[in-house]
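Just so you know, the sequence shown maps onto residues 1 to 788 in the numbering used here.
These are calculated hints, taken from the structure and not from any lab test.
Quick caveat: nothing in here was measured; it's all calculated off a predicted structure.
In this text, a Cβ means the ideal position worked out from N, Cα and C, and glycines have one as well.
One or more of the hints may lead you astray.
Below 25 angstroms or equal to it, Euclidean Cα-Cα: the simulated BS3-like pairs (lysine-lysine) are [unchecked claim]:
(1) Lys503 / Lys479
(2) Lys479 / Lys448
(3) Lys513 / Lys503
(4) Lys513 / Lys448
(5) Lys503 / Lys487
(6) Lys487 / Lys448
(7) Lys209 / Lys153
(8) Lys542 / Lys487
(9) Lys503 / Lys448
(10) Lys513 / Lys479
(11) Lys513 / Lys542
Cβ pair distances, simulated, as ranges [stated by the list, open to error]:
(12) Gln540 / Pro602: 50 to 60 angstroms
(13) Trp780 / Asp736: 30 to 40 angstroms
(14) Ala591 / Arg772: 27 to 37 angstroms
(15) Arg598 / Ala655: 51 to 61 angstroms
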Amino acid sequence: MVVNPQPDASHPMAQRPLEQIGDLLARIGTPGAFASSRSAKAEDLHIEVYGVGRLRFPLTAAAARRLCGIARPAQHGYKDQTRLDRRVRDCWEIPAELISIDPSRWNRTLIPQLDHLRRDLGLPHACRLHAELHNLLIYGPGQFFVPHQDSEKSDAMIGTLVVGLPSSFTGGTFVVEHHGETRSFGGSAERLSLIAFYADCHHQVKPVKSGYRVVLTYNLIAEGAVPAPAGPSAATTALADALRRFFDTPVPPRWSGDREPGPPDRLVYLLDHQYTQRGLAWTRLKGADAERAAALRDAARQLDCECFLALADVHETWSCVDAYGASGHRRRWDDGDEDEDDADADESGADLELTDLLDSAVELRHWVGPGERPREIASLVADGELCYTRPSVEFEPFESEHEGYMGNWGNTVDHWYHRAAVVLWPRERSFVVRAKASASWAMAEIAKTLRKDGAAAAQALARRVLPFWSEAVRRDSGKTLLAATLKAAAALDDATLAAALLKPFALTGLGPKSAPLLAALLVRYGPAWCAALFDQWSPQYKPHEPTEARRSWIAATLPQLCRGLCAQHAVDAATTLAQRIAGQQWAWTAACINEIRRHARPRDLPGFLQPFCVPLLALIESSRITDQPELHARLIDAASDDDLSLVLLQQAHGAYPPAVRRSLGLGPVHARCTQAFTQRLEAPVRADGDWSIATPLSCPRALGPTLMPFLRDATRTRLEWPLAEAGRAQVHRLIDDHDLPVVHTTRRSGRPYTLVLEKTRALFERAAADRRSWQAALQWLAQTAADF
């Protein structure tokens with residue numbers, strides 16, 4: 001049994017309370033079986049199947065064949081899909097709606113058997129099992145179901161009950177596996193066979209050799225209230241003492257020289273069974289999990305701690321040994337080609353021997369308190385907070401990724417697991433613990449304190465989140481968090497504290513309805529404070545940084561935000577703030593466009609600039625809303641660029657109603673665009689024998705005297721050019737970057753090799769295609785002249 005990694009040798013006492021907690025929990029509770037079976041007489045089961053009639057026991061082969069005649073091939077679940085694949089599941093299924101069972105007779109047998117099975121599975125006395133009929137399955141000769149795991153079909157589903165009907169068959173063994181342990185179950189020709197197992201168990205049906213295996217399957221539903229506290233016992237008292245020491249003992253520093261971080265804020269104990277978000281509840285804990293969780297709740301009550309259930313994502317990276325061995329070379333007996341299945345298994349990390357745990361991380365994703373539904377959180381668990389009796393490596397990972405041998409790096413495999421946990425902490429630390437897990441919750445508490453106790457109490461609460469606020473905001477996915485923080489920041493009446501709370505956010509979090517909140521900040525803290533905030537939220541463009549999020553925000557939100565700010569007539573500086581925001585976004589957009597022009601190849605330039613058309617239109621609209629004629633003039637000039645103007649006009653025509661479109665002042669863009677296409681069409685049509693290539697190509701000094709005359713020559717189509725390797729590479733790159741209709745090859749004879757350039761007919765095809773596109777553009781411009 002592994003409870004926790006060994007403590008740092010320099011701090012032999014530091015982990016002792018955590019280890020003691022793990023040892024105490026490991027001794028609490030009987031684990032119970034993950035699967036159990038019972039048998040019963042069949043006389044109380046009166047069952048009729050639509051289309052077949054009353055079933056008589058033991059079932060005969062003829063009766064089983066009649067059932068197959070009205071059944072359908074059984075499907076199986078795969079992730080979020082339902083599939084029919086007889087390589088995975090080959091049997092017949094009759095749905096519950098075609099089955100009729102006399103409940104008054106059947107319950108005389110079923111209810112007592114369910115209570116026996118509950119005890120076998122280690123479920124608490126307060127829990128009651130209820131069985132909901134799911135279907136009837138028939139396995140004939142050769143049919144089977146490969147290892148799989150049942151999906152939880154309702155929130156309260158805890159497992160599955162299989163009732164084998166009396167019949168004669170061979171093979172068809174039912175095998176249940178959990179954490180490396182297996183149990184096998186057969187059937188009976190005379191009695192009912194009842195098999196119950198937890199929903200997180202993998203199970204299979206081996207191929208039937210002869211006869212028919214016929215079973216009813218039920219969803220096992222756990223019912224009952226959360227068990228009342230049993231009162232202090234020797235076990236819970238010892239556990240409470242260990243927890244008290246744990247919360248009083250400082251965590252050792254991770255690295256030599258680090259500042260000692262102080263005692264841990266919480267304990268996170270990973271449970272032994274797996275649970276889904278739908279199925280996580282105090283009343284549905286399985287086996288020893290139920291008793292250990294109850295003990296932790298009782299100990300928490302003695303220490304005045306809060307106690308929650310949680311779902312966690314666990315990520316572990318292991319070193320491993322695979323078919324390539326330590327050196328990365330495939331063993332000699334494995335020289336054949338891999339088939340597809342082998343390749344998939346290797347990529348997923350299957351059949352690898354794990355050696356050393358290199359790294360691990362645990363993150364809480366949801367938690368639920370007594371009487372609550374799961375609430376989404378995002379909270380990393382520190383090593384000094386984590387305790388478990390069963391390591392994650394004994395679970396089945398929901399995802400694996402194998403990274404093979406790569407030179408200086410050895411073989412590694414990453415495993416991801418879903419696990420459940422009990423989380424508890426002293427009540428006096430509750431705000432900090434919960435705020436770290438959910439910034440949205442923290443801001444809601446600060447707002448509540450503002451309403452109930454005033455600004456001073458809320459300021460004290462807000463200062464407690466500052467040490468971890470940036471990380472909490474980064475991990476919080478709440479869509480209303482920024483709006484709540486803007487509102488609270490104004491009400492706190494503390495400029496420094498408000499700035500610190502807003503610092504981790506980004507401009508792109510502002511929505512169309514943010515204007516009144518920003519106006520409130522203007523009133524409270526003044527224009528200079530707000531200007532500094534937006535200088536921080538609107539950083540200058542840095543090369544290679546992603547632009548999509550900010551472009552999308554400019555296109556979708558900037559005009560509405562500017563309009564909202566300018567409508568705050570009671571706030572004098574609101575329009576000035578809107579003007580500042582619009583100007584900052586144009587400066588950023590212009591820097592992006594200039595960076596693209598510096599580095600993009602000419603043939604790629606229109607494609608790279610096109611995503612900026614809609615943001616440019618939004619900026620033009622914002623310049624009108626904020627009454628900035630100079631900014632509007634600069635934007636119109638940028639929009640008139642040959643690589644942008646036509647697409648920009650077409651997008652404006654499709655996106656804006658006529659009145660708004662005309663208000664944008666795009667007439668000069670339309671006029672310049674029309675003039676540009678007219679001038680192109682006025683140029684002479686390329687003559688059939690004109691091989692000249694006009695290009696803005698800028699050549700290195702050593703190449704220009706030879707290359708440029710060849711390109712511009714109207715009669716010359718071929719150039720043979722003895723040229724060293726570096727020069728050839730430059731010419732190749734120049735021709736490719738400018739997409740010139742020239743084939744370039746190297747004849748590898750003599751010294752230096754000869755670069756052969758040959759113009760192609762694509763020169764004439766492109767000229768004709770260009771004129772057709774110019775004519776179409778000019779026709780569209782003529783038709784839409786009045787719209788701009």
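ask   = Of the hints given before, which are not true for this structure?
value = 7, 8, 11, 12 and 15
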